[in-house]
Amino acid sequence: MKKNIFLTTLLAISGILSAQSGPMSFGAKGGYTLSSMKYFGENLDSKSYFYVGILAEKPLSSKFSVQAEVLYTQLGGKDSYPGVQLVGNEIVSVGDMKFDYTLHQIQVPISAKYYFIPNLSASVGMNFGFNISSKVTSDTIFGEVSGESDGIKTLNLFPFLGAEYKITDKFFVDARYHFNFFEANKSNAVPTKIGFLQAGVGYRFK
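Residue numbers (mature numbering (1 follows the signal peptide of the UniProt record, and there is no 0)): -19 to -1, 1 to 187.
Each hint should be verified, as a subset may be incorrect.
[As the list claims (entries may be wrong)] Taking lysine-lysine and the DSS-like style, the derived pairs with C-alpha atoms no more than 27 Å apart in a straight line are: (1) Lys167 <-> Lys94; (2) Lys39 <-> Lys151; (3) Lys174 <-> Lys79; (4) Lys116 <-> Lys59; (5) Lys59 <-> Lys151; (6) Lys174 <-> Lys147; (7) Lys151 <-> Lys94; (8) Lys167 <-> Lys59; (9) Lys151 <-> Lys44; (10) Lys187 <-> Lys44; (11) Lys147 <-> Lys39; (12) Lys187 <-> Lys151; (13) Lys116 <-> Lys167; (14) Lys167 <-> Lys19; (15) Lys134 <-> Lys174; (16) Lys79 <-> Lys59; (17) Lys19 <-> Lys134; (18) Lys134 <-> Lys79; (19) Lys94 <-> Lys39; (20) Lys19 <-> Lys44; (21) Lys147 <-> Lys44; (22) Lys94 <-> Lys187; (23) Lys116 <-> Lys174; (24) Lys187 <-> Lys39; (25) Lys44 <-> Lys94; (26) Lys79 <-> Lys116; (27) Lys116 <-> Lys19; (28) Lys134 <-> Lys167; (29) Lys79 <-> Lys167.
Treat the hints as calculated values from the structure; they're not laboratory data.
Generate the whole structure from the sequences, applying the supplied hints.
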């Protein structure tokens, strides 16, 4: 199922990029991902990681272009609760219980870009996040335990807004914010939403 969805998305990207004539540029990019997770409506502590991947951009005119990418990153959040234990008739603190939620993802962002000037553009698009694995790690008085989380959807959707600035013809910097409009869990029984910021640098091959 995961392979079928991924292949369908790649075919759609190929169709978009080949629909118009014009020179296509390719490149690589990498940077910083800062994600925030809502679990049962409560904001968890942010989780940071890197992202790395490749891109292809095709101009449709002097002002508009379409860009597709394939990236690897991790999303998630962290939480902690005070741990207590009943000792005799007293409730004794035993330290914090910590939980770390991690989603390993292959992401396929597709965006429409508008160039205000040749070096500065704004973008809007959709990021298709394919989960490779979803894990939760707990650290309590009983030790650290890690296991798979089966509740996360195979495909997560993240609409985004972004901006890019070309430092030279080859090097650029960009930033995007991905909104948590869609549930990440398969069932609303455990409401889970994720939003994240990505900022980094890239290199276009000429």
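Here is what the structure says about each hint:
1. Distance restraint check for Lys167 and Lys94: the Cα-Cα separation of roughly 32 Å exceeds the 27 Å cut-off, and the hinted pair is therefore not satisfied.
2. Taking the CA atoms of Lys39 and Lys151, the gap is near 15 Å; set against the 27 Å cutoff, the hint holds.
3. Pair hint Lys174 plus Lys79 holds up; C-alpha atoms about 20 Å apart against a cutoff of 27 Å.
4. Between Lys116 and Lys59, the direct Cα distance comes to roughly 12 Å. Compliance with the 27 Å bound is thereby established for this hinted pair.
5. A hinted pair counts as satisfied when its Cα atoms are at most 27 Å apart, and Lys59 with Lys151 does not qualify at roughly 37 Å.
6. Simply put, Lys174 and Lys147 have alpha-carbon atoms about 32 Å apart, too far for the 27 Å limit, and the pair is violated.
7. Taking the CA atoms of Lys151 and Lys94, the gap is near 17 Å; set against the 27 Å cutoff, the hint holds.
8. Restraint check for Lys167 and Lys59: satisfied, since their Cα atoms lie roughly 20 Å apart, inside the 27 Å limit.
9. Restraint check for Lys151 and Lys44: the C-alpha separation of about 18 Å stays at or below 27 Å, so the hint holds.
10. For a cut-off of 27 Å, the pair hint linking Lys187 to Lys44 stands: about 20 Å separates their Cα positions.
11. Under the criterion of a C-alpha separation no larger than 27 Å, the hint pairing Lys147 with Lys39 is consistent with the structure, at around 16 Å.
12. Taking the CA atoms of Lys187 and Lys151, the gap is about 7 Å. The hint holds against a cut of 27 Å.
13. The suggested pairing of Lys116 with Lys167 holds, with an alpha-carbon distance near 15 Å, which does not exceed 27 Å.
14. For the proposed pair Lys167 and Lys19, the alpha carbon gap of about 15 Å is at most 27 Å, so the pair holds.
15. With a CA separation close to 11 Å, the supplied pair Lys134 and Lys174 stays within the 27 Å bound.
16. Of the supplied pair hints, the one linking Lys79 and Lys59 holds, its CA atoms being roughly 7 Å apart against a limit of 27 Å.
17. Distance check on the hinted pair: Lys19 and Lys134 sit about 15 Å apart at the alpha-carbon level, within 27 Å; holds.
18. Pair hint Lys134 plus Lys79 holds up; C-alpha atoms about 24 Å apart against a cutoff of 27 Å.
19. Between Lys94 and Lys39 the alpha-carbon distance is near 10 Å, which keeps this suggested pair within the 27 Å criterion.
20. Restraint check for Lys19 and Lys44: the C-alpha separation of about 37 Å exceeds 27 Å, so the hint is violated.
21. For the given pair, Lys147 sits about 14 Å from Lys44 by alpha-carbon distance, which is consistent with the 27 Å threshold.
22. For the hint pairing Lys94 with Lys187, the CA-to-CA distance comes to about 19 Å; that is within 27 Å, so the pair holds.
23. As the CA atoms of Lys116 and Lys174 are separated by approximately 16 Å, the hinted pair is consistent with the 27 Å bound.
24. Distance restraint check for Lys187 and Lys39: the Cα-Cα separation of roughly 13 Å lies within the 27 Å cut-off, and the hinted pair is therefore satisfied.
25. The straight-line distance between the Cα atoms of Lys44 and Lys94 is roughly 8 Å, inside the 27 Å bound, and the hint therefore holds.
26. Simply put, Lys79 and Lys116 have alpha-carbon atoms about 14 Å apart, close enough for the 27 Å limit, and the pair holds.
27. With a C-alpha separation of about 16 Å, the suggested pair Lys116 and Lys19 falls inside the 27 Å cut-off, and the hint holds.
28. With a CA separation close to 5 Å, the supplied pair Lys134 and Lys167 stays within the 27 Å bound.
29. At most 27 Å may separate the alpha-carbon atoms for a hinted pair to count; Lys79 and Lys167 meet this at roughly 24 Å.
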